[in-house]
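Student: The chain contents come next:
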Amino acid sequence: MKTKVVLTFSPEASNQPITHNLIAKHSLMVNILRAEIDEVGGKMVLELSGKADHIKGGIDYLKASGVGVRPIKEGVRRDDDACTHCGMCVSICPTKALTIDLKSGKVSFNEEKCVACGVCIDACPPRAMEILI
Amino acid sequence: MTASEFKEFVRSHGTKKAAEEVDVVTTGTFGAMCSSGAYINFGHSEPPIKMQKIWLDGVPAQAGLAAVDGYIGATALDETNNMAHGGAHVIEALVRGKAVRLRATGYGTDCYPRKEIDTYISLRTVNQAVLMNVRNSYQNYAAATNSGPKTLYTYMGKLLPEFGNATFSSAGELSPLLNDPYYRTIGIGTRIFLGGAQGHVIWEGTQFNPGAPRTPNGVPKRPAGSLAVVGDLKQMSPEFLKGLTFTRYGSSLGLGIGVPIPILDEEMAKCCAVTDRDILAAVFDYGQPTRSRPVLKEVSYSELRSGEIDIKGKRVPTSSLSSIFKARQVSEVLKSWILKGEFMIQEPVQSFPKDRSVKTLDVRTEREAT
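As they're listed, the protein sequences go chains Y and X.
Residue numbers for the first sequence follow the working numbering, beginning at 1 and rising by one.
Residue numbers for the second sequence follow the working numbering, beginning at 1001 and rising by one.
Errors might be hidden in some of the hints.
As the list claims (entries may be wrong) - With the C-beta cut set under 8 Å, the calculated list includes, among others, these residues of chain Y facing chain X:
no.	residue
1	Ile23
2	Ala24
3	Thr84
4	Leu102
5	Ser104
6	Glu130
Said to hold, decoys possible - FRET-style restraints, in silico, Cβ to Cβ:
no.	chain 1	residue 1	chain 2	residue 2	range
7	X	Thr1206	Y	Asp80	28 to 38 Å
8	Y	Pro11	X	Lys1115	53 to 63 Å
9	Y	Ser108	X	Leu1264	53 to 63 Å
10	Y	Asp79	X	Val1358	51 to 61 Å
Hints listed in this document are in silico derivations from the structure and should not be mistaken for laboratory results.
Here the structure is a predicted model, which means the values were calculated and not measured.
Virtual Cβ for every residue (Gly too), placed ideally from N, Cα, C.
Pulled out of the complex, with its shape left as it was, chain Y reads as follows (with noise of 0.2 Å):
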């Protein structure tokens, strides 16, 4: 199974290989898909492969080294009420988490593809979107 993940560290934290850990500990497969250090500490949002019991093992094992753990759904998060459908957010979003339908027009926010690089942040007109990490 797959699981994205959102990271957050204070700089105790940073400075523990973590990713090698994961790797060589709990035999998982680790995609990098964002990381980002400083001075207070740092962010990493990871796709995590293998099986379920060792993804179990690597973020119980995380969680033991201070490390902050989130399921990727709370990374980004759209206000409905407040999104008025423009678009402005389809074209600069890297992974196309955020898409239109032509039928209806609407835009759709499909959390599983999102990494919350926070690109969309500050491009929302009606400031619908907002970064949690």
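Here the structure of chain Y is known, so what remains is to put chain X in place on it, guided by the hints.
Tutor: Only chain X this time, still in chain Y's reference frame:
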């Protein structure tokens, strides 16, 4: 019929039958309409004040209209340039029924002795609150892209570097003036849907440019006509009036406008049969910061809506700034009003001028300007 339904009808039955059977086509658009604003009469205080400076929720409004009338522009910003809360957002707050803080100062006169006031107003407390916009509902617009090395933040949205994307802003085949390219039925006095209420066209919009280049079927290929409109803010709905923010550009007003077009004859039916395939927009390179940006190519709205266009051999993803979903809603609501007899079609009291062109602003001497 709505504009979408009409085009479908013409496809299967032709324009002759459409002209015989259809009375009115309802068009619609919902987009960022920067040249918008509202005038408000606040009522007189005790003792009275002749307002010289006015702020609504911190956003400056224009005074200088006697004592207690002010005009708040959609793109007005406070002194911190807070783009997330401009004039458009104040107008939306009023339409949502919220109270807005009014601060005003005056110099004091014998008849208006008060020099300042700090209070709250809402649509319930003021006399008139009227949306009056000088340039809305552009007849066609442009597509924007960016050849440069950096992301640009423009009134055409976020433009990614190296032709990373392209944006456009027109409801295309649903848009009012694209269904009446020569302004046969739309003119001064036309009753319209404005922000969820009924309003009127009051003049040609500023920068009205009927001489813009057109396709052989008469559809402008560049920004051409536009509408100046008016309507009662107290009747409007937040569903069709929304404060928008364009990062590092400023605020704008998302506004729904719908115009009914009577099918006078087959010629008019042909005009309203126009589809996105027949409407072209010029793609401008906003990487060039000049008023005469180069046109990279012309593309149809059906290409723009397909999600990708070709620019210099690159597949460039496209985005609309104008909501087709809301434009359709506007045309449907307007149709329902007409069917229920709540909205009467108004023949224009005067046609738009045919001889307007767009002038530029140059730095001139007094003699050159005379």
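Student: Does the beta carbon distance between Thr1206 (chain X) and Asp80 (chain Y) stay inside 28 to 38 Å, or does it fall outside?
Tutor: holds, 35 Å
Student: Against chain X, run the beta carbon of Glu130 (chain Y) and see if the smallest gap drops under 8 Å.
Tutor: violated, 13 Å
Student: Any CB of chain X closer than 8 Å to the CB of Leu102 (chain Y)?
Tutor: holds, 6 Å
Student: Determine whether the Cβ-Cβ distance between Ser108 (chain Y) and Leu1264 (chain X) falls within the hinted range of 53 to 63 Å.
Tutor: The hint (53 to 63 Å, Cβ to Cβ) is violated, given that Ser108 (chain Y) and Leu1264 (chain X) are roughly 40 Å apart.
Student: Double-check Ala24 (chain Y) for me: the hint is only fine if its C-beta lies closer than 8 Å to a C-beta in chain X.
Tutor: violated, 37 Å
Student: State, for the Cβ atoms of Asp79 (chain Y) and Val1358 (chain X), whether the hinted interval 51 to 61 Å holds or is violated.
Tutor: violated, 38 Å
Student: Could you check if Thr84 (chain Y) really has its C-beta closer than 8 Å to a C-beta on chain X?
Tutor: Constraint on Thr84 (chain Y) satisfied, holds at 5 Å.
Student: Closer than 8 Å between Cβ atoms is the bar; does Ser104 (chain Y) clear it against chain X? Give me holds or violated.
Tutor: holds, 7 Å
Student: Is it true that the C-beta distance of Pro11 (chain Y) to Lys1115 (chain X) lies inside 53 to 63 Å, as the hint says?
Tutor: holds, 55 Å
Student: Please check whether Ile23 (chain Y) passes as an interface residue: C-beta within 8 Å of a C-beta belonging to chain X.
Tutor: The hint is violated - Ile23 (chain Y) has no Cβ within 8 Å of chain X, the shortest such distance being about 33 Å.
Consistency with the previously given hints fails for numbers 1, 2, 6, 9, 10, ordered from lowest to highest.
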